[in-house]
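The chain contents come next:
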Amino acid sequence: MKALFNYIKEVLGGFYTLLQGLGVTGKYLFTPWNYVTQSYPENREKLQMFERFRGEVIMPHNENNEHKCTGCGLCELACPNGSIEIISKSILTEDGKKKRIIDKHIYHLGMCTLCNLCVRACPSDAIIMGQKYEHAVYNRSNLTKVLNKPGSKIMEGIKE
Amino acid sequence: MAFSIYDFTDLAQSIHNGLSSSLTPVWTTVIEWAIIGILYILFVALFGLFLVYAERKVCAAIQQRIGPNRVGPYGFIQTIADFIKLLMKEIINPKGVDHFLYNLAPYIVIATVFIIISMFPFAPGLQSFDFDIGVFFVTAVSSVGVIGILLAGWSSNNKYSLIGGIRSGAQIISYELSVGLSLITMIILSGTMQISGIVNGQADGWFLFKGHIPAFIAFVIFIIAGTAETNRGPFDLPEGESELTGGFHTEYSGIKFAFFFLAEYMNLFIVAAMVTIVFLGGWQPLHFGTGNGFNAAMDLLPPIIWFFLKVCTIILLIMWFKWTFPRLRVDQILTLEWKYLLPINLFNIILMSVVVLMGWHW
Amino acid sequence: MAEYREIIFNSDKIQTDDYFVNIGPQHPSTHGALRIVAKLEGEIVQSIDPVIGYIHSGIEKMCESLSYPQLIHLTDRMDYLSAHMNNEAVCLCIENALQVEVPERVKYIRTIMDELTRIASHQLWWCATGMDMGAMTTFFYGLRDREPILDIFEETCGARMTFNYNVPGGLMFDIHPNFQKRVKDFIRYFRKKLPEYDTLLSGNVIFKERTKGLGVLSKEEAIAWGVTGPSGRASGYSCDVRKLHPYSAYPYVKFEEKLATDGDTFWRYQLRIEEMWESMKIIEQLIDNIPEGDFAVKMKGVIKLPEGEFYQRVESARGEFGVFIVSDGKKNPYRLKFRSPGFSNLFVLNELVKGVKIADLVAIMATLDLVIPDIDR
Amino acid sequence: MTNEELKLTIAKLCSSAEFKDGAQFLEVIVPAADLHHLCRELRHNGETAFDYLFCLTGVDYPTYFEVVYHLDSTRHRHVVVLKARTASREYPVLDTIGDIWPTAYSHEREVYDLLGVRFNNHPDMRRLFLEDGWGFPLRKDYVDPVRIVER
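Chains as they are written, first to last, in this note's numbering: chain S, 1 to 160; chain H, 161 to 522; chain U, 523 to 899; chain W, 900 to 1050.
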């Protein structure tokens, strides 16, 4: 008799746990308007990334097409996987001295692991992390970027 | 030509009369068959697509997602787009399969579905076959489908498929017993095996309410066993996605896969429709007793809508199970059947016999 | 047809052979490129042989050519679910070797981050376990609750999975001003949601039947096979590095090391759920008391470790994670070895699955919580 | 046991062991021939009871390979680091200790795979990650012009 009682208890107890599970999912089933999905391409305008979000390395330029990069090469040294290459050239300054300035700051987004070490290494805050998150391109060579814009100059007052 | 949404008997009769007045009896029969066949194919295709869509929306709601929402308003055309994709896919015959059986299997599965659906009364007058052993016929035919799954599993020449097919065989043959026994419980109450007779017997109240506790137990067991029969929900071992990658239909693609897919959803409909017919009064509106105001109010809704309302509720319930419970293991499925459902069922038959003999039902 | 007939009617010609099933490398339940060659008899597993190396990325070799600050970002990519602990292990190892004492603030923040990572990792594990058992819905609930943590990480560290937040001597940034508020919000939210996990999966009769008494690992076996983390503690093996060799702010907080004695799949599951409660307790003790101060100490431009061998153990979400650095005094390590918990936990699988069904193999594998990059490195 | 006591115990068990006080742990350099014997003693001796091998790895030195065993005792909570050196770089061979700590089997396979140190009596000395005939990538003289780019 006790075995029979236990058997019934087992069956009903099992059923009860199943009903509890159904209760959890039922709560969501009957409130279908409480969804957490974000419709991605539609909310592109509203989508605001966090300010520290690391999307890509960029070099900000001001309105006079000037940047802060001195071409010192510290970011190139700090990069763990060689995604930054700095090509510098030497020019003659007004007072007749030779000076090395940056020619091209080449950045391979395809190799970058977005580890932030180059930004940390930069003494003049010339490069920062951008917020762009859509990086897909049709050709791999488009992932190699020149960060300083053509014809740009170094900002006044940035020391080597 | 009289037409009423409440009763299709006159419509069917007038079509028959119209055809036989201008054609020989042989041609009448042939054309009637063709009409019925086309209607059933349309019904299976459309309702199957609707069920696929419904399943996606239900699981999305449970999982706090939106579900299909790209193709058409609320993603309504999504399943049609998927179906077109499946139709246009290349049909791959893997190397080493048993070609004849491999190609035969999906047709066996889908053909079973059509045979069973032909037994269902959707509304008064909307039924193609009405044997006096209707319930028996449905249970008998529904176990033919497992042959298709077994063949698919065996002929695919894939170890996952083979395990899936064998699991399916063991499972369906076991649960056939529970389905049968819980139907027998209700047949004791109804006193007939004819499907139209069962439906008509519920004009003054559904069997679920008429039969008290034994009917309710049979109802629960039938839903459990029916879910197992359709290889769904917590009983989807033959597919066993996380273990067997796809189970018996791993090697199928394109339209043949679509057949399995459609058959699974139509089996869901079949189980829900059987529950509706046997426990919830088929197309009968919700009635208590005879000839009161409540019954008259309920009669306003056409029977065909009542039928699909009940079917959809049961389908929702079964979908709800699927998206809540973890899957059982193959030995536990058999344990559940042989150690729990079967004894309870046998006891339930005795209980129902006593209830009927003593006249405690109403 | 004729050959079939011959085989069927001359039964002495029927030969039996071992039945092998390849599970993976592309399989829904291996959670990555892991291949398991299972020898079956019917549905019953006789033995398995894990085959790994599909995503071996040679991190140890790469580390030998990188300087110490540079190699930390590679540890994110090993066990991507406990990236913070991996980062911290390397930083602690370097700091210990250089005898650098980091500010209290750094210790507190590191500990909070560790515990958040642990919760996020266990949530993802819970999703995957539910899915392996066939309950798809758990996957979405777990990911839903993991999202706030990832948002916290993104706001403070700038990335959702590969943070690279720890640097030798401290942290890369200070915490974001919203950090404390967001963490507290999350704890409040998750205290409500975690009981749902119990009702949905742990309390479920089907789940209990499937996991109880399955894949039992005894304490002695767990120690001998080096199974650590919740998988080891389920066998009663007290192996919590946070208790045994406290680091960062763990000496300051009160928490329990949850132990079980059964060592079966259910308790391996249950301990992780309880660890999430403990992690929340630890965070609550720390979050209001983060001391003011610097978020990093000034280190030399080029970090060179003294000659010698250094070892640091931390408790990652999966078990004991160790970093072994052999330094020859240069700016990059001579040899660097990561002792990953997943590697040891994987190879005990063969002991656990003898005589179980395929479905159980999947369940046991799920509760060992394997992350394949952690194994392959 | 403190490091001093451990030193005495180990010196008793293996007279030719060399000791080195490392930065954290007691480091013992064990002759390859005595390794298996010493490990078994350390594992089964009640006073030492090193039952938990938590790290096993190999290091490539210019003239020899060194395999490092980190041992922990769950009963006494003391740690010792054993180091065994192979006789040569050409045919590096050591004894397996997998029969003492089964977890060592997989770690030894990893060492064999990445450094090419073979282990005697190992039941399953196959490559673990890489294919047969790949070469041993953690050796300092390993060259792979395709996959390794020098800066």
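No lab work stands behind these hints, which were simulated from the structure alone.
Careful: at least some of the hints might be erroneous.
Derived pair list, reagent style PhoX-like, types lysine-lysine, alpha-carbon separation capped at 20 Å [what the hints assert, rightly or not]:
#, chain 1, residue 1, chain 2, residue 2
1, U, K876, U, K561
2, S, K2, H, K499
3, U, K583, W, K919
4, W, K911, U, K853
5, W, K919, W, K982
6, U, K853, S, K9
7, U, K852, W, K1039
8, U, K714, S, K27
9, H, K499, S, K9
10, S, K99, S, K89
11, H, K499, U, K734
12, U, K715, U, K741
13, U, K715, S, K27
14, H, K499, U, K714
15, W, K906, W, K982
16, U, K561, H, K319
17, U, K780, U, K803
If you want a taste of the chain U side facing chain H, the calculated C-beta under 8 Å gives, among others [stated by the list, open to error]:
#, residue
18, D539
19, V543
20, S551
21, E565
22, I566
23, S569
24, G652
25, T721
26, E731
27, L781
28, G877
29, K879
30, V884
Okay, the calculated beta carbon distance ranges per label pair [unchecked claim]:
#, chain 1, residue 1, chain 2, residue 2, range
31, U, G758, H, A300, 53 to 63 Å
32, S, R120, U, G830, 49 to 59 Å
33, U, K826, W, Q923, 38 to 48 Å
34, S, I58, U, L672, 21 to 31 Å
Cβ atoms here follow ideal geometry from the backbone N, Cα and C, with glycine treated the same way.
(request) Sort out which numbered hints this structure fails and list those numbers smallest first. (result) Per hint list: 3, 4, 6, 12, 14, 18, 22, 23, 25, 27, 28, 32 and 33 violated.
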